[in-house]
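4 protein chains.
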Amino acid sequence: MSASLSRPRVGVWLIGARGSVATTVVTGCAAVTAGLHPPTGMVTETPAFTDSRLPALSDLVFGGHDTLDCPLPKRAESLTAGGVLPAGVATAVASELAAAEREIRPGGPTPGDTRSDAELITAFTDDIRDFTHRHELDRTVVVNVASTEPASREAGAPLPASTLYALAALRAGCPYVNFTPSEGMNHPVAAREAQLSGLPYAGRDGKTGQTLLRAVLGPMFAQRALRVRAWSGTNLLGGGDGAALADPAAAAAKNAGKERVLADTLGTVPEGEVHIDDVPALGDWKTAWDHVAFDGFLGTRMVLQTIWQGCDSALAAPLVLDLARLTARAHEAGLSGPLGALGFYFKDPVGGGPSGLAEQYEELVRFARSLGHTEGTGEAR
Amino acid sequence: MSASLSRPRVGVWLIGARGSVATTVVTGCAAVTAGLHPPTGMVTETPAFTDSRLPALSDLVFGGHDTLDCPLPKRAESLTAGGVLPAGVATAVASELAAAEREIRPGGPTPGDTRSDAELITAFTDDIRDFTHRHELDRTVVVNVASTEPASREAGAPLPASTLYALAALRAGCPYVNFTPSEGMNHPVAAREAQLSGLPYAGRDGKTGQTLLRAVLGPMFAQRALRVRAWSGTNLLGGGDGAALADPAAAAAKNAGKERVLADTLGTVPEGEVHIDDVPALGDWKTAWDHVAFDGFLGTRMVLQTIWQGCDSALAAPLVLDLARLTARAHEAGLSGPLGALGFYFKDPVGGGPSGLAEQYEELVRFARSLGHTEGTGEAR
Amino acid sequence: MSASLSRPRVGVWLIGARGSVATTVVTGCAAVTAGLHPPTGMVTETPAFTDSRLPALSDLVFGGHDTLDCPLPKRAESLTAGGVLPAGVATAVASELAAAEREIRPGGPTPGDTRSDAELITAFTDDIRDFTHRHELDRTVVVNVASTEPASREAGAPLPASTLYALAALRAGCPYVNFTPSEGMNHPVAAREAQLSGLPYAGRDGKTGQTLLRAVLGPMFAQRALRVRAWSGTNLLGGGDGAALADPAAAAAKNAGKERVLADTLGTVPEGEVHIDDVPALGDWKTAWDHVAFDGFLGTRMVLQTIWQGCDSALAAPLVLDLARLTARAHEAGLSGPLGALGFYFKDPVGGGPSGLAEQYEELVRFARSLGHTEGTGEAR
Amino acid sequence: MSASLSRPRVGVWLIGARGSVATTVVTGCAAVTAGLHPPTGMVTETPAFTDSRLPALSDLVFGGHDTLDCPLPKRAESLTAGGVLPAGVATAVASELAAAEREIRPGGPTPGDTRSDAELITAFTDDIRDFTHRHELDRTVVVNVASTEPASREAGAPLPASTLYALAALRAGCPYVNFTPSEGMNHPVAAREAQLSGLPYAGRDGKTGQTLLRAVLGPMFAQRALRVRAWSGTNLLGGGDGAALADPAAAAAKNAGKERVLADTLGTVPEGEVHIDDVPALGDWKTAWDHVAFDGFLGTRMVLQTIWQGCDSALAAPLVLDLARLTARAHEAGLSGPLGALGFYFKDPVGGGPSGLAEQYEELVRFARSLGHTEGTGEAR
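Protein chains in written order, with our numbering: chain G, 1 to 381; chain A, 1 to 381; chain C, 1 to 381; chain L, 1 to 381.
In isolation and in its complexed conformation, chain G is listed as follows:
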């Protein structure tokens, strides 16, 4: 078909495909494509990315794994009731939701699952390959948007599910993005394999609220030579994420990312803790309060407080679309290994790079420009 010849279609395989973020990704992509909403929050739709030869939103095809049963259209309905999706949009894009729902395969391991790690990886790999082939996709990007796993890497522990999926991505020849703090490709077993794979990957833990703020406020204090004494924070959130992060082990991974931003931008680790509270009453809405005690000239005590009230799925979804497009294009352009230039999106970026948002943005724009100059391997062949 002429369309598929001239315009490469790209798969987006979502781990956690029936979660709030995935549902918002699929709904939002269709709504923006249909012109129902402007692409607010999508950095790749700003002028700096015009010439980056990214896949069009209309060329993205969605599928994924999930261990939950609630079908996407039903999930979209409940997100509409919760105010995450605007009234009417889910019905307007019902066919796209149904199409994505048809491409969701059972994830794992589920409780009582008797399959070995190897069997699970093979099953996942087959699912992704089948999806790519049936849709005649040029490539498929695997994106982890599942609930955060508890952090625990004891010797001899079984591989975390996120790593099983990451390995499946590698085996299926797919670039990979980890939007969560789970281990995924960071597990030594996967990291080794990733290095040999020649595939690009990005992560981890999307920077959507409190850490986004810290990534601009930390540099501000440093540049003004103000001495931060203590930086304390509390996050209130409901939804699945609140419950998952109420587990101290799961929160630990997330908090490490938050602290890293301060340490890197301030040059020291200030006093202060970070709390993540599960508050089911808040649903998908999140409130983050930060209290920064700092010293000015002659030791005068001053305070900055910030209160961020946002909807996590609505903050995450456009970034997931950005990342899928950028990573797909990076793959097309023949790039491999950790995509450090995508640090703008993450709390704990793979591949090093600066921690201040302004520098990360500059690096991202440079990267976007370079993507425009590089011939795609697809075209090269």
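Some hints could be false.
Treat identical chains as interchangeable: a pair holds within one or across any two.
Lysine to any residue pairs mimicking SDA-like chemistry, simulated, CA-CA at most 20 Å apart [unchecked claim]:
no., residue 1, residue 2
1, K74, R129
2, K74, R139
3, K74, S147
4, K74, G88
Calculated from the structure, these hints are not laboratory results.
Chains A, C and L: place on chain G using the hints.
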């Protein structure tokens, strides 16, 4: 004396020399020089400025104009009682305060003053020249830290006092810094003369709190393609500044600067007003509340609020010392005209330049580096 | 019919019948009656009012005046889109909205209206009488929920619209509630007539957010003997109310009420201003920030800040239903004059009474109890 | 001496006599007595208590136990540096601080202490008796203002220190106040003995900030029939209290009190946690952030947030003086058992009583009035 031969001494002539900011500048410079306090808040004491050949803090000599009578040591006492200066420091640097006090000359015009503009300018010029000569200073930087004037430039209106002082600086051959929103060198009469003078100047309106925050948060929203719908703010402050800015005409100039930062970094002017309330009970302490209503993906409504509680004099003083040193060095290096590279310090920078703090910081650091490479004109001759 | 014999039906005649508050009142009354929602926010549905012999929600019949054309069902639709009404409820009570819409009569004076005050009052009176008779109502309560009028009572000025409506209520023999800061029954002309009418009335200016908080925080500071130095506040709101109150003359009436609460509960008027900003982006949602600077033991400076984020119509509507029921019952019980016991609901209560919320609540509960003991005049006759 | 005949002098024996609160109590009492400061924060100095026949501030004599060595005058110095005490006041009342310091006896058990519980109680009892006799005091009130103990009442566990002191108070015939969440008189062993003693006692856990607010905001939500969904809080504090409460076991006792206020005033326990973070950089200053998610009419989601920034010692000290005076007078008036009427002061009041601050205040005022009517047992005999 060999010291004065090898180490150029620099005058700092403060307009508003008995105000809170000036008192904190003189006290703090002496306290840091004496090793009583670290130079918190002084950007020029960070590593990026090591090779910029700035005058040492110990080589700064203070004087200035004021229309008030309360002597500096007494003012320092009351700032100590108000918690602006830490206990003990004013007594520890009593001799430096007394020395600066001896160099303060009567400002003007005072109520009932019968002198013409020309006479006032001449008197101010003579004061500055006399100070420079008596102390055998290499140069004197004039810095306006007086209370904000009402903004009113009607045809035929008398020149504002800040412009009289700016003209005196030019006639005395001095570089000039306007740390306030008053007109000063921006008045057409002074601007014309400045252009011909070959002198460097900087301004205007130091960026110490709410606008500092806006200069990092504005770019954050823009870079993340989030749509800011409304940005509202309220400032509560006492001290002389609160009373001066409670005058809507005086506040107008200040608010224009605040709005400019948003317009430049967001690309649009969002809804929302800025209030400046005089709350004498707060003394020199300032609270700024900002409420930002923004849209995320699919139009989801989100909110960021910030609360900044700081001491204005303690925020301003280290920046004034920075600016005096940088402008003195720029003069020594033979630079002239508006110093656009100092936009990092100002709400409404002369000479254009970026509005985001991160870019302003980069430009400042580049400038600092260039100062190290340029021979001073003094050495050149 | 036996139902109308045993259960007195009560009219609620809303001035501003197509506004946000009125729409929420009609929608909510129907939704609660139908069991779709619990009566959250309705004080009269709590146990303390069980024996007060109030009219049932299902016995309220709605009508009113408005100068706007947008029909109630359409207004309910737009409130649903704005998140004020939950999805689905407006359609579920469509017939009740249509019924109320049929009972809305044109208000006035509209621009270009040539009718005299007397003619307007007569027209309004006839509308109310006609409504009461056609529905065979025992009584009709007139409630003003229209936009706030500018405050201006110059000699010889025409009567404000709110007072024309108040006079019409009197002439129609109806009890009256002023939920707004407009003059209404407080205008001397109406006040005189009210005194002679033998009718009960209540007002003014519903206490829904910032002033509600002040009515509990003011007493707290007083009871703890803490010295409040300054109490400053900023309100951000969109909707029609934001636009109306952006007019300083309209805001003046509202702010007087807010200040009165502090003066009465603290015993002094602290420093500080109150701002009301029109922020259309916020729609019907309101944010109120309060900053209280107070002194503790030995003059130690402390601060309390509150941020209230609410939906004004959703806060007002249940109170309007409460007031309609209580005032109807007061009328039935033969009470007349200002209902001081309803101060719990108002910023600026008619009839004096305490300003602290706790005392106001006690008085309200006492009143509720007394309503249970009094025979209604209807039954008495 | 005639003075001691006509004016009964009262001892105030402070457990934790060299802590921040105790130091502020002694300093403040002397400063207010000397007319250096108004009695801000002392409820007993308001008109409602004029006729309660309380001991005068000038008739209070201070002593106490502590396990720390830092003498009171030195502690006062460091509180002055930290901004808790205003400059100059500690030196102005140096002789009163020295007098109290002379009456501080070693507390216990200290690490390595080999004395048995019985020996400790006896030693403490002797100290208190000796103090009372030497100063010819009419009575001595024992007040616990020591650091919070970990909550742990396992079978067979040794008696907590706070209970040893409480028992000593009973044996010395002294009324007792527990201003902390430690067990003190609530331990079954002490409770039994208290019942038989005929002595009055009060407690526990002074209500100084977050819980004070909750005690007025909880009733507000209840009275307005608004449905509180979640109430979350974070406390940041330094000083010894921060460190003590960072211990989860110690925090548990404190949080139970906070939660109790909500449960009692709202009628349900809402979702949400309370965190207490040790932030040494804040010193004696405390910041408490509360986030209340509540439902309005038709389930509309609304939020109230409060930020309380106070100095804990300055909030506690005037209440301690109030309690000492009231409890001394209660003892004089022959009252015994738990003083439920003092619930106004406590998070977790002994003797039951209402939880809302307004009702507690009413009860306190009634109690104050009754104290004026009761003859003292001293005079009665």
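Evaluation of the provided hints:
In the homo-oligomer, the alpha carbons of K74 and R129 never lie at most 20 Å apart, since the shortest distance is 27 Å inside one protomer and 51 Å across protomers. In this assembly of identical chains, the alpha carbons of K74 and R139 never lie at most 20 Å apart, being 29 Å within a copy and 48 Å across copies at closest. In this assembly of identical chains, the alpha carbons of K74 and S147 lie at most 20 Å apart only when taken from the same copy (19 Å versus 41 Å across copies). In the homo-oligomer, the alpha carbons of K74 and G88 lie at most 20 Å apart both inside one protomer (13 Å) and across protomers (17 Å), since each shortest distance falls under that limit.
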